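Chain residues, written in single-letter form:
Number of protein chains: 2
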Amino acid sequence: MHGFRHSRLGQVIALSIVAASMPVQAAKVTVLTASRIHTMDTARPRAQAMAFDDGGAILALGETAALLKQYPKATRIDVGNATVAPGLIDAHGHVAGLGLARLRADLVDTRSKADVLQRLRDFARDLPPGAWLLGRGWDQNDWPEKHFPTAADLDAAFPDRPVWLSRVDGHAAWGNTAAMRIVKRDLRGDWQPDGGQILRDAQGAPTGLFIDAAMDLVESAMPAMDATTTERALVLGMQSAVEHGLTGVHDAGVSLTQLQAYQRLADRKAMPLRVYAMADGDGAALDALCRNGLYRHAGGRLEMRALKLFADGALGSRGAAMLEPYSDDHANSGLLLMKPEELDRVTTKARDCGVQVATHAIGDRGNREVLDAYAKALGSTQPAEYRWRIEHAQILSPTDLPRLAPLGVIASMQPTHATSDMPWAEDRVGPARIVGAYAWRQLRDSGTRLALGSDFPVESVDPRLGLYAATTRADGDGLPVGGWHPEDKLTAFEALRGFTLDAAYAGFAEARVGSLVPGKRADFIVLKQDPLAIPPAGLRTLDVQATYVDGRPVYQATR
Amino acid sequence: MHGFRHSRLGQVIALSIVAASMPVQAAKVTVLTASRIHTMDTARPRAQAMAFDDGGAILALGETAALLKQYPKATRIDVGNATVAPGLIDAHGHVAGLGLARLRADLVDTRSKADVLQRLRDFARDLPPGAWLLGRGWDQNDWPEKHFPTAADLDAAFPDRPVWLSRVDGHAAWGNTAAMRIVKRDLRGDWQPDGGQILRDAQGAPTGLFIDAAMDLVESAMPAMDATTTERALVLGMQSAVEHGLTGVHDAGVSLTQLQAYQRLADRKAMPLRVYAMADGDGAALDALCRNGLYRHAGGRLEMRALKLFADGALGSRGAAMLEPYSDDHANSGLLLMKPEELDRVTTKARDCGVQVATHAIGDRGNREVLDAYAKALGSTQPAEYRWRIEHAQILSPTDLPRLAPLGVIASMQPTHATSDMPWAEDRVGPARIVGAYAWRQLRDSGTRLALGSDFPVESVDPRLGLYAATTRADGDGLPVGGWHPEDKLTAFEALRGFTLDAAYAGFAEARVGSLVPGKRADFIVLKQDPLAIPPAGLRTLDVQATYVDGRPVYQATR
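Line by line, the protein sequences are chains L and P. First residue of the first sequence: 1, per full-length UniProt numbering; consecutive thereafter. First residue of the second sequence: 1, per full-length UniProt numbering; consecutive thereafter.
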């Protein structure tokens, strides 16, 4: 794999400081002026003007008159009454998935199976005969009958074309008979794959619904995505991200092949934002990190130094591993996707390679297993320096809530998951366990750092929805009035910090991005409204007027 | 002093648990039902019904149907659409001062010296000849000329009657010539009292303005307040508190004489709320605590186990001790009211007596001295168990902000101070130091517990104003738009916790009050609106419909 530098953290940072300070000397300077610049820098929370050089390094912040005097020949950008904030960083998304969503049938917000079939028929019109019909985003909780669909629901409309439809959370898939036909192993009987489940009828025949690891049975047999499609998906995904004000994304699960696609884009300067890639499990990408050292592309927009693992499944499909059975399914406690000893082995391997670990954990058992494994691997000597993360950290036992902070474990959470799940989450786990769910404030109170994100395309890539959900805990209609479990709301400032400085910290990037401070990169957004001044209800309709990365616009609204 | 029990913390708590559980057995039970009960209990944040016995102990919380079934013979109180919350606790007020304010000329919000004189003339009509005319609440920052007034401003109107007028912050007083005449020592010359300042003109004559300890020169010579007046002031102050939804007050500076007045009221069951009294410095009350042990009245409404000290003065009068000179008075760095070695001596004495220390500190130097003294006195072995407090913790150096949490020091802060001071606070300390001022969020982020209060009568006793200021950092008109330093705003839940559970913790009372949990006391308020559901702008006009202490109404709105 080309482009890996033989370096560990210290060297990477040293190199970047040299690179950032080089162009300052005789550089062309831009002075940006705004109604208000929220820097997210504690020592100087606000400014009216910011100077940066044409290499994209911030030179100074302050009053307009002072900066114009200091840089009399500077190019001037005045955004008028607009507010400037650091570029938003989504600490957990799936860029290829976001791009692919545009190449797949969108089943989000379907209200019935009939609705699904109608969308599939429309989408299939443009597909060549025999090509797989891929879709994503269905959620049986949105349908009248609320139970899992079957292959039979699809077979009448699609007797020959394979159809494969991921659930909204990505933890279950619904296939037709043509899709199941590609699996070599007989899907009938009573066997189950490790960490997954094939749903079967009373006769032992598969119903067409596959949970977690069982999805691999079909997906590993599907025709592979070619390099061009991969690049196209990444480009589409990144474009969508910058249009929403993102200047950085932590891509939660990137294969070596995908990383190579990113590298080609980075070499061609075709990456509009920064991607912090996490290697997808104990595979080729992790091995490359262990062999060659932590990776950063010289252009500063691509990095891989983290590992993404899955401890369990999702709550919607009852795949999240719970300490006690589900409140609405007493025979089921969910699934651990990795055995504790396997989690220990891989986290130890990552630690020894200097690689940050970020593990998906939704259920209270999933989270406990991860905390146990992290505590074992990190030991008691400055565990916080590793900055290991729990992705989602969705439902925690009250006894585990205070365990993150002393380990320095970052909670990488997605505010919109709370507001998407709130109609049924308490059905799943009951009134006692729900108290430790989506518990942003309780985690903050225990000293845990929150890195915020969206989990796009599971949720919308739009970070405004995350800022809104974090501060209101309400849906788009403002319901429930006053918010769901309002005690766990964040302030607008905390929400913004979760999408900027604390997300940067979670990616070891707080010395370069996440706040607007001399020496850091000029990654920022221009907003018509001031997100810290308007009522939180207005955060979901903020107008993103422009997105800048390294001092250059990567998106500008057309109005 | 009667009523002191020979006990230390452990015994006091043991006794109170026995007392609280005694009446449960055959007690008359009340079931209260409401639209929503915010318990402030993490394990069960909300309920619809609460049962308590006629001893005032909470028996159960839950769904209405379940509690009515459990207590079929219970008296029923249904507050309809109203919301119930734990009774509010003001962690820093001055009850006698609040009551006395009704016995003194009110000079708050005077717009000029002429305005002051008019109010004094009106007030003096009811006074007997020769009686002192006392007033409080003036603030020269509200006047056109913004400099300190003089005795001459008063002498024409009051040539013979002594006039003594405290500044709004209580850290300066303005007297006329008749008032200065009672001081035996010659006030002319160039001498100054320790920890205070007599303002003098070019000829060395006193102008009539006395700062901090200099106020004692006049006040110690004034005729003493008699016992009847003291009791009357306490009763007036407590009545005003419960009318605003307070069920507890930490009285920040209570003399032995005042404590005795409280004890007489407690004996007569004439205390409508709980008072956590702090001994007023190294005097008779502290000596009594050291001699007789921590004090709690058997009725559960009066306690003294803390010591109030003053490290420095106030910001408005530039008496707060700063590490560097004031930005608007380069020759002045404020005043330390206690030398470091004196602070060490008294804090060590308090520690050895098992007494909690609560020290007023406004300036960054004042706060640093207190942290230094606390660190020295508490040592490194579980300092948090002492729960020592800094009162106001108003301006902290960035290096001191993170020092509170590891010492377990509680920041006892008054949200309305921020919104009262915001028009001029940055003039006093400049743009760099203002960042560490009124820094609620930064303190929370560092793990510090915030106990909230008002400092009444310096600010209004109305805790709704504190909830509003904490969540908006704006004045009554909502200005500045979006709030002053919005990054330090609290959520409504955090603000409510600061006025309930965390205030209770600051008074070692979280096992008895501060949240609604079986076994705790039924101290609660009934609010027309849900404070966690309405926009923060509505918090200042919440309707307090009733205040209950020990399960009995101590205030009910007349509508």
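Please keep in mind that the hints were generated in silico from the structure rather than gathered at the bench. Take these hints with a grain of salt, some might be off.
[Unchecked claim] Derived DSBU-like pairs: lysine-lysine, alpha-carbon spacing no greater than 35 angstroms straight-line:
| id | chain 1 | residue 1 | chain 2 | residue 2 |
| --- | --- | --- | --- | --- |
| 1 | P | K269 | P | K146 |
| 2 | P | K69 | L | K146 |
| 3 | L | K28 | L | K339 |
| 4 | P | K69 | P | K113 |
| 5 | L | K69 | P | K349 |
| 6 | L | K349 | L | K339 |
[Said to hold, decoys possible] Derived coverage of chain L by chain P (criterion: at least 3 residues anywhere in the stretch with Cβ under 8 angstroms from a Cβ of chain P; other residues may be distant):
| id | stretch |
| --- | --- |
| 7 | 161-173 |
| 8 | 482-491 |
Bear in mind that the values here come from a model prediction, so they are computed numbers and not experimental data. The C-beta atom is built at its ideal place from N, Cα and C for all residues, glycine as well.
Worksheet item: Which hint numbers does the structure go against, in order from smallest to largest?
Response: 1, 3, 4, 5, 7
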